[in-house]
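Novice: Sequence:
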Amino acid sequence: MRSLPTDAEAVVFDCDGLLVNTEDCWTVAETAIFAGHGLPFGPVQKALVLGRTLEAAGQAMADHFGRPGAAAEICAELVERVRGELARGATALPGAVELVRACRTRVPIAVASNSPRELLDLALESAGLMDCFTHTFAADEVRSPKPAPDLYLTACAALGAAPNRSVAFEDSATGITSARTAGLHVAVVPSLPGSDLDHDWLGTSLADPQLLGWARGLGRRDSLARRPLAPRLA
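In this note's numbering, the protein residues as written are 799 to 1032.
Check before you lean on any hint, since a few could be wrong.
[Stated by the list, open to error] Label-pair restraints from in silico Cβ distances:
#, residue 1, residue 2, range
1, Ala-960, Glu-916, 27 to 37 Å
2, Gly-1011, Asp-929, 21 to 31 Å
3, Thr-979, Arg-915, 17 to 27 Å
Hints are computed from structural coordinates only; laboratory data are not their basis. Beta carbons are placed, not taken as given, at the ideal position from N, Cα and C, and that holds for glycine.
Given these sequences and hints, build the entire structure.
Specialist: In structure tokens form, the structure reads like this:
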């Protein structure tokens, strides 16, 4: 295991399941669609779609239902159902607001999400996080979304930061692959318990006091602040 640098030039956050509790919204929608096909929806099924783009999730579900040509129809139903759930309100996950604000005072920050722009904006607005970011990037705004590196490379370029001197916060294997391929350090708070995920730092919540202390020391060049954040046992 490695550690997080305190002299990072930028921090880039995933959104769904990391900053905002939108995974509940997606799970409600996915459960309803599975139920419509007479199938249960649990952790195994969730793993099929977690962290994927809307299109990839729709195709995975269509294949699982034995209806490979129905991906577009399933995507449309997913968007409609998730939009409805987000309209009821999605909350910031524990520690998210505090961590984002602490990072923002020290270094440039951004969001890199595998959701389409419409749903990303709804999620950030619902959680009260939209005003915290001047740079947000959605899956439908790059050529290849996660697990390709495009979203993270685009975010780092916009922030004027070198990827290998930046930190990504992720919750899924898809997002971690994207960040790693782009060259970022990766902090992980898994959406699915027990996930064996590549990481530089692994925790159970963004509210971990160690993370907030790390964020408050970002950008400093003195010898104390340059000590890396040690990996944490989940």
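Novice: Output the indices of the hints that this structure fails to meet, ascending.
Specialist: Those not satisfied: there are none.
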